[in-house]
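*Asks:* All chains should be built: construct the whole structure from the sequences, respecting the hints.
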Amino acid sequence: MNAVVVAVVVMLVLSLVRIHVVLALIVAALVGGLLGGLGFTETIDVFTNGLGGSASVALSYALLGGFAVAISRTGLPDVIVKFALKVVGRKGDSQRKALSKVFIFLIIVTISCFSQNVVPIHIAFIPILIPPLLKVFNELMLDRRAVATMITFGLKAPYILLPAGFGLIFHEIIATNMEESGLAITQSDIPSALLIPTLGMVIGLVVAVFITYRKQRNYKTVQFTEEKEEQISYSSITILFATISIVAALVVQLMTESMIISALTGLVIIYLSGAIKLRQSEELVTDGMKMMAFIGFVMLAASGFAAVIRETGHVDLLVTQVAAVIGDNKGLAAMLMLLVGLFITMGIGSSFSTIPIITTLFVPLAITVGFSPMATIALIGTAAALGDAGSPASDSTLGPTAGLNADGQHNHIWDTCVPTFIHFNIPLVIFGWIAAMVL
Numbered sequence: 001m002n003a004v005v006v007a008v009v010v011m012l013v014l015s016l017v018r019i020h021v022v023l024a025l026i027v028a029a030l031v032g033g034l035l036g037g038l039g040f041t042e043t044i045d046v047f048t049n050g051l052g053g054s055a056s057v058a059l060s061y062a063l064l065g066g067f068a069v070a071i072s073r074t075g076l077p078d079v080i081v082k083f084a085l086k087v088v089g090r091k092g093d094s095q096r097k098a099l100s101k102v103f104i105f106l107i108i109v110t111i112s113c114f115s116q117n118v119v120p121i122h123i124a125f126i127p128i129l130i131p132p133l134l135k136v137f138n139e140l141m142l143d144r145r146a147v148a149t150m151i152t153f154g155l156k157a158p159y160i161l162l163p164a165g166f167g168l169i170f171h172e173i174i175a176t177n178m179e180e181s182g183l184a185i186t187q188s189d190i191p192s193a194l195l196i197p198t199l200g201m202v203i204g205l206v207v208a209v210f211i212t213y214r215k216q217r218n219y220k221t222v223q224f225t226e227e228k229e230e231q232i233s234y235s236s237i238t239i240l241f242a243t244i245s246i247v248a249a250l251v252v253q254l255m256t257e258s259m260i261i262s263a264l265t266g267l268v269i270i271y272l273s274g275a276i277k278l279r280q281s282e283e284l285v286t287d288g289m290k291m292m293a294f295i296g297f298v299m300l301a302a303s304g305f306a307a308v309i310r311e312t313g314h315v316d317l318l319v320t321q322v323a324a325v326i327g328d329n330k331g332l333a334a335m336l337m338l339l340v341g342l343f344i345t346m347g348i349g350s351s352f353s354t355i356p357i358i359t360t361l362f363v364p365l366a367i368t369v370g371f372s373p374m375a376t377i378a379l380i381g382t383a384a385a386l387g388d389a390g391s392p393a394s395d396s397t398l399g400p401t402a403g404l405n406a407d408g409q410h411n412h413i414w415d416t417c418v419p420t421f422i423h424f425n426i427p428l429v430i431f432g433w434i435a436a437m438v439l
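In terms of the numbering used here, the sequence shown opens at residue 1 and continues consecutively.
Watch out, some of these pointers could steer you wrong.
The calculated lysine-lysine pairs, modelled on DSBU-like cross-linking and capped at a C-alpha distance of 30 Å, are [to be verified]:
#, residue 1, residue 2
1, Lys330, Lys220
2, Lys101, Lys215
3, Lys101, Lys135
4, Lys215, Lys330
5, Lys220, Lys101
Ranges of calculated distance between the beta carbons of each label pair, as one might list FRET restraints [unchecked claim]:
#, residue 1, residue 2, range
6, Ala164, Val202, 40 to 50 Å
7, Gly274, Leu59, 33 to 43 Å
8, Thr320, Thr176, 19 to 29 Å
9, Phe352, Met255, 43 to 53 Å
If you are wondering where the hints come from, they were derived from the structure by calculation, not from laboratory data.
The structure displayed is predicted, hence computed values, not measured ones.
Each residue gets a CB set at the ideal place from its N, CA and C atoms; glycine is no exception.
*Replies:* Here it is, written out as structure tokens:
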């Protein structure tokens with residue numbers, strides 16, 4: 001029995017029965033390590049050493065949470081909410097509410113997409129934008145599962161298709177690893193090869209928003225941050241400084257490629273504005289860190305899990321076992337390669353980290369079976385992208401949950417992971433397979 005398959009299945013089953021995802025990752029890592037022949041002590045050592053791989057990411061998310069709460073104290077989110085509520089219209093005005101939903105959907109999808117390519121800040125926008133809008137979602141009775149699929153779509157589809165921002169990095173990793181594995185390609189061909197799989201994600205998004213989760217869903221409007229009973233006072237100056245802090249944080253992140261320095265810059269500017277009194281700063285920033293701490297701990301555990309899985313050597317074994325089953329059947333080869341990518345990415349939680357793992361063996365296998373270079377690109381790109389949506393350990397699901405669960409009414413597994421898995425991974429398998437067969 002392959003240790004990778006068993007470990008990922010254990011992690012998913014435990015998560016689905018509502019065992020905390022951090023505990024699920026630890027148990028799954030132990031199971032995978034023992035089954036892979038590492039021994040208990042060695043598994044613990046590898047897992048522990050692997051934790052450091054996400055330490056900077058965890059700190060980044062904690063600081064982003066503090067920055068988000070600091071922004072909320074400037075009054076900027078209240079201004080956004082009041083504007084959005086005006087757009088929503090009077091209660092019972094169904095036509096205006098329908099238009100408001102479309103308007104909000106477009107904003108969320110657009111900002112999510114821009115976060116990957118135009119202004120590559122990834123999930124940094126979520127704790128700033130989403131929690132203040134929960135009141136608006138409640139007013140419109142939006143199903144937050146639809147919002148989760150929209151955000152995850154924006155976090156994934158742009159980097160898969162477009163060669164800019166994170167997309168440029170994704171495409172460069174594909175091209176570099178394919179060349180090192182014996183198949184040189186032109187990087188400009190990657191968008192064309194991944195167009196069909198991306199179309200599958202578009203269809204999945206449309207189904208989720210306008211069919212699966214189109215019905216209204218009731219949520220309670222509750223206080224989700226420690227803003228106390230007092231009314232937040234703000235002025236044009238605090239709003240201006242909030243805007244400046246956001247712009248400065250984005251610019252610094254683009255210049256330094258560090259979310260830690262970016263969030264710290266934003267916090268310093270808000271402190272200087274006087275919107276947060278020094279005696280309040282410690283408590284407020286701590287509250288924000290609590291909001292994003294969930295992501296940090298999951299990313300740490302996922303890093304340890306990935307280290308154990310790699311150390312077993314069963315990733316290569318899994319691909320080799322699949323190759324032995326395939327023979328010269330291209331249709332079967334394409335399907336099994338995609339499913340292998342799904343399993344690996346579900347466990348690791350990163351499309352970018354999956355590419356080097358699968359390319360080494362997928363390229364020779366694709367050449368042997370007779371796939372064209374374009375079809376091989378489609379297989380590798382789609383296999384890497386599979387599982388990022390739906391993985392409990394992926395920031396593409398952790399990010400939406402952190403924002404939508406700010407008031408404690410959005411479950412990570414059942415309200416984010418399961419909806420995104422169904423609506424994105426299934427279309428990616430189908431359309432990725434079609435791309436491999438027609439290109």
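*Asks:* Work down the list of hints and note, for each, if the structure agrees.
*Replies:* Against the structure, the hints come out as follows:
1. Lys330 to Lys220: violated, 52 Å
2. Lys101 to Lys215: OK: Lys101 and Lys215 at ~12 Å, within 30 Å.
3. Lys101 to Lys135: Within the cut-off at roughly 13 Å; holds.
4. Lys215 to Lys330: violated, 41 Å
5. Lys220 to Lys101: holds, 19 Å
6. Ala164 to Val202: 40 to 50 Å: Taking Cβ atoms as reference, Ala164 and Val202 lie about 18 Å apart, which means the hint is violated.
7. Gly274 to Leu59: 33 to 43 Å: Given a distance of about 27 Å, which is not inside 33 to 43 Å, the answer is violated.
8. Thr320 to Thr176: 19 to 29 Å: holds, 23 Å
9. Phe352 to Met255: 43 to 53 Å: With Cβ atoms ~22 Å apart, the hint is violated.
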